[in-house]
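Student: Working from the sequences, and respecting the hints, build out all of it.
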Amino acid sequence: MAKSPQEEHPQKAFGWAARDPSGILSPFHFSRRENSPDDVTVRVLFCGVCHTDLHSIKNDWGFTKYPIIPGHEFTGIVTKLGKNVKKFKLGDKVGVGVMVGSCRSCESCKQGLENYCPKMMFAYNSIYHDGTKNYGGYSNMVVVDQHFVLRFPDNLPLAAGAPLLCAGITVYSPMKYYGMTQAGKHLGVSGLGGLGHVAVKIGKAFGLKVTVISASPNKKDDAIKRLGSDAFLLSTDPAKMKAALGTMDYIIDTVAAVHPLGPLLGLLKVNGKLITLGLPEKPLDLPIFPLVLGRKLVGGSNIGSMKETQEMLEFCAKHNITADIEMIRMDYINTAMERLAKSDVRYRFVIDVAGSLSE
Amino acid sequence: MAKSAEQEHPTKAFGWAATDSSGVLSPFKFSRRETGEKDVRFKVLYCGICHSDLHMAKNDWGTSTYPIVPGHEIVGIVTEVGSKVEKLKVGDRVGVGCMVGACHSCDSCDNDLENYCPKMILTYGAPYYDGTTTYGGYSDVMVAEERYVVRIPDNLPLDAGAPLLCAGITVYSPLQHFGLTKPGMHVGVVGLGGLGHVAVKFAKGFGVKVTVISTSPSKKKEAIEHLGADYFLVSRDPDQMQAAMGTMDGIIDTVSAVHPLVPLIGLLKSQGKLVMVGAPNRPLELPVFPLIMGRKVVAGSCIGGMKETQEMIDFAGKHNITADVEVIPVDYVNTAMERLEKADVRYRFVIDIGNTLKSA
Chain A
1 MAKSPQEEHP QKAFGWAARD PSGILSPFHF SRRENSPDDV TVRVLFCGVC
51 HTDLHSIKND WGFTKYPIIP GHEFTGIVTK LGKNVKKFKL GDKVGVGVMV
101 GSCRSCESCK QGLENYCPKM MFAYNSIYHD GTKNYGGYSN MVVVDQHFVL
151 RFPDNLPLAA GAPLLCAGIT VYSPMKYYGM TQAGKHLGVS GLGGLGHVAV
201 KIGKAFGLKV TVISASPNKK DDAIKRLGSD AFLLSTDPAK MKAALGTMDY
251 IIDTVAAVHP LGPLLGLLKV NGKLITLGLP EKPLDLPIFP LVLGRKLVGG
301 SNIGSMKETQ EMLEFCAKHN ITADIEMIRM DYINTAMERL AKSDVRYRFV
351 IDVAGSLSE
Chain B
1 MAKSAEQEHP TKAFGWAATD SSGVLSPFKF SRRETGEKDV RFKVLYCGIC
51 HSDLHMAKND WGTSTYPIVP GHEIVGIVTE VGSKVEKLKV GDRVGVGCMV
101 GACHSCDSCD NDLENYCPKM ILTYGAPYYD GTTTYGGYSD VMVAEERYVV
151 RIPDNLPLDA GAPLLCAGIT VYSPLQHFGL TKPGMHVGVV GLGGLGHVAV
201 KFAKGFGVKV TVISTSPSKK KEAIEHLGAD YFLVSRDPDQ MQAAMGTMDG
251 IIDTVSAVHP LVPLIGLLKS QGKLVMVGAP NRPLELPVFP LIMGRKVVAG
301 SCIGGMKETQ EMIDFAGKHN ITADVEVIPV DYVNTAMERL EKADVRYRFV
351 IDIGNTLKSA
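As they're listed, the protein sequences go chains A and B.
Counted the way the UniProt record's numbering counts, the first sequence spans residues 1 to 359.
Counted the way the UniProt record's numbering counts, the second sequence spans residues 1 to 360.
Treat the hints as calculated values from the structure; they're not laboratory data.
Any given hint could be a false lead.
[Stated by the list, open to error] The list that follows gives simulated cross-link-like pairs (lysine to aspartate or glutamate, EDC-like), each with its CA atoms no further than 16 Å apart: (1) 269/A to 107/B; (2) 269/A to 326/B; (3) 38/B to 146/B; (4) 133/A to 7/A; (5) 204/A to 237/A; (6) 282/A to 285/B; (7) 185/A to 107/B; (8) 204/B to 222/B; (9) 269/B to 230/A; (10) 38/B to 80/B; (11) 220/A to 237/A; (12) 29/B to 6/B; (13) 119/B to 130/B.
[What the hints assert, rightly or not] A short list of chain A residues far from chain B (calculated; beta carbon distances all over 10 Å): (14) 22; (15) 29; (16) 34; (17) 54; (18) 129; (19) 133; (20) 185; (21) 209; (22) 215; (23) 217; (24) 344; (25) 352.
By construction, the Cβ of each residue, glycine as well, lies at the ideal position given by its N, Cα and C atoms.
Tutor: This is how it looks when you write it as structure tokens:
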């Protein structure tokens, strides 16, 4: 008979979980596995609230297995080491992102692309090698294989740096893979939320000209004055959209809702690339003529490999790039989720886990 | 007052044109410009019938102005060259494809990608630099700037080589650009028509493994035994499709009817690329999850630049690649168009202009 979450593993743990598609989170006692020789225990200090957390707790994509503890942008301190762990020592500042395991033997894993392993294990709502469910970072401690733990550079703050572990790598990886790093080229960032605002900062660090494309006119000031975007394009203004046709080398599309791709494709130059990162509930309509007539492409990307995520953290540390965050207490999380559903956050909530999670 | 088609230019020409959206073609007298200093003039011997000719003749895309002399897979023998023509001479075997002009000053033109120039001039049905309308290859003579004329290798027959000028470059360009030419790779070809059958031949010429993906099981024998495909996948068979999931580095999709992309994206390996060369006239559903989870790409491609077209035809010469053609007399053209509409051709009609197009 299946053991309860509290009895499953030998180490007691505590967090906040959602138990049904209402998505309401509440205190939850569970347990973590004993450290295997390769495992690191992380005492969680901060955890970012990703829109995926919201989709998952509400079962928007239909594959949530309750109870679910979300959280895949968490930072903290190493408090226990398996006997084979050489990469870290006690007290190290570390982070864990979306992945906590992969098969380690397929083509993707052998190429160091754990994020494309068909058996990749997510930090939460996923089954681990031992057959038990993974619980995420809205909790006091997590046990993770050292391969999936990242060293946090000294000058990168643990709270404002936490969202880089998902939002950061999710935009950094395609920017590198699809060649968006040539200084002087023009990048459009569609959607100014958790992903979008980090994409602007990283785009500027690559020396790109950046235009934020958004349906919210009230984000213009922020985009230009605070985030450093060169321009702001209101997607609901037909004249402005027309004037911008064929001006962008690439577009990072971070919008999670269903939206038309035609207007974005029109903004691209010949050979332009539209990279879609948001996960809408339904397929999008793709007009083919613009792709054919301009040799344009639509591509996807899924977080990044472990090596690349570490590289991204170093890059952000070097360029002083962090997320713009609103720190919250654990017991504010349900309100935060409501606000997130309305995009009412500039631009990532981060839970002060160590400071506010108490049994 | 606008001059008539016959009087517009100084030299007589004769061809077959569609005069309204019925698409029915009939004899048509018109005229061609004198051979300018950069021009190559050639006697047309053969012209391939591309499905685009049918679309344009019937105004399917809403862009046609009549009369239209279609034909953009044109081959023949040079009869005159302008004073600034450097690479071609009288007697050369040459061809012209889908383009006869561009701006020559934009980024695309500078990169030998005239096909993506916003001012690219189509071989037929488009306004030329001098304001007159271009007429295509269902005609006895063709005049085009040297830049838009390719030499046909001596060992390639002109009739079976003609379709390479559109079908050939349309599939060759994306195979190269999207890196689907490394031996050992696995490339899928969706649709086995004018474009698809040539795609199989080019892909095999590159040494890649080829799977034809088709709705018609009856095309299997031909695909494997005659065209050299390694496998044949019936897209309506869920078991076959399931077994082939995640096995292809790239897919060239030649189908222009509306069709589902989901199963094709599923056939791609991680990092795989689906390249559309047929253009359905309605948006297709794009499933975003598989694109993201596998870092896959859906792209488009449209013919190729002139430098690349010459490269393609030289490659075809080296590997003895030609189209499978049914050569027809010009007065069969309307029947051919009806059959083309039903995909009843293996795999390209080619009009024997040299022997059967006679002015009244």
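Student: Was residue 209/A rightly flagged as not at the interface, with every chain B Cβ beyond 10 Å?
Tutor: holds (16 Å)
Student: The output says residue 54/A does not contact chain B. Does that hold with a beta carbon cutoff of 10 Å?
Tutor: holds (17 Å)
Student: Minimum C-beta separation from residue 215/A to chain B exceeding 10 Å: can you confirm that?
Tutor: holds (19 Å)
Student: Is the claim that residue 344/A lies outside the interface with chain B correct, judged by CB distances over 10 Å?
Tutor: Residue 344/A clear of chain B: closest Cβ-Cβ about 25 Å, beyond 10 Å.
Student: Between residue 133/A and residue 7/A, is the straight-line Cα distance small enough, at 16 Å or below?
Tutor: holds (13 Å)
Student: Non-interface claim for residue 129/A: all C-beta distances to chain B beyond 10 Å?
Tutor: Given that every Cβ of chain B is farther than 10 Å from that of residue 129/A, nearest at about 20 Å, it holds.
Student: Hey, does residue 133/A actually stay past 10 Å from chain B on C-beta?
Tutor: holds (20 Å)
Student: Holds or violated: is the Cβ of residue 352/A farther than 10 Å from all Cβ atoms of chain B?
Tutor: holds (31 Å)
Student: Hey, residue 29/B versus residue 6/B, does the alpha-carbon distance stay inside 16 Å?
Tutor: Roughly 6 Å between the alpha carbons, so the hint for residue 29/B and residue 6/B holds.
Student: Any Cβ of chain B at or closer than 10 Å to residue 217/A, or is the non-interface label fine?
Tutor: holds (27 Å)
Student: Just to be careful, I want the Cα atoms of residue 269/A and residue 107/B compared with a cutoff of 16 Å; is the pair within it?
Tutor: Holds, because 10 Å separates the two Cα atoms, which is no more than 16 Å.
Student: Beyond 10 Å from every chain B Cβ: check whether that's true for residue 22/A.
Tutor: At roughly 24 Å from the nearest Cβ of chain B, residue 22/A sits farther out than 10 Å, so the non-interface label holds.
The structure is inconsistent with the numbered hints 2, 5 and 9, although it conforms to all the rest.
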